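> Sequence:
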Amino acid sequence: MEIISQLTAHSSQLTANNYQLSAISYQLSVDSYIKLIVYDIAGREVSRLFDGFQPAGKHQTTFDASGLPSGIYFVRLSAGNNIQTQKIALVK
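Numbering (the numbering used here), first residue to last: 17 to 108.
Pair by pair, the computed Cβ-Cβ distance ranges are:
#, residue 1, residue 2, range
1, G96, L37, 25 to 31 angstroms
2, Q22, I88, 17 to 23 angstroms
3, E61, S41, 17 to 23 angstroms
4, K103, E18, 19 to 25 angstroms
5, G96, Q76, 17 to 23 angstroms
6, E18, G83, 31 to 37 angstroms
7, A39, A72, 19 to 25 angstroms
8, V46, S82, 31 to 37 angstroms
9, P85, S21, 29 to 35 angstroms
10, G68, V107, 30 to 36 angstroms
11, P85, E18, 31 to 37 angstroms
Here are the simulated EDC-like pairs of lysine to aspartate or glutamate, each with C-alpha atoms no more than 16 angstroms apart in a straight line:
#, residue 1, residue 2
12, K51, E61
13, K108, D80
14, K51, D67
15, K74, D47
16, K103, D56
17, K103, E61
18, K74, E18
Worth flagging that the hints you see were computed from the coordinates, not collected in a lab.
From a predicted model like this one, the values you see are computed outputs, not experimental measurements.
Ideal Cβ positions, reconstructed from N, Cα and C, are used throughout, including at glycine.
With these hints in hand, go ahead and build the complete structure from the sequences.
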């Protein structure tokens, strides 16, 4: 059964202070225990955005990437045996 029906990540930069944010949204078809983790290109965990139970429906969170260098990162959402990964590019 597919639990994750959608995962999107959008990166934006506020140029006044070079503050980097990524909006991450996802939709769950059933109540699930999830892990939402950001990894760098080498596969190292750089941020654990959520690790716990969430009800079915649409969810959104913000990833503060201001302390990270420019590069390619991966947002990974795990729910049960379902995993989705979304690539984001941070440019400063």
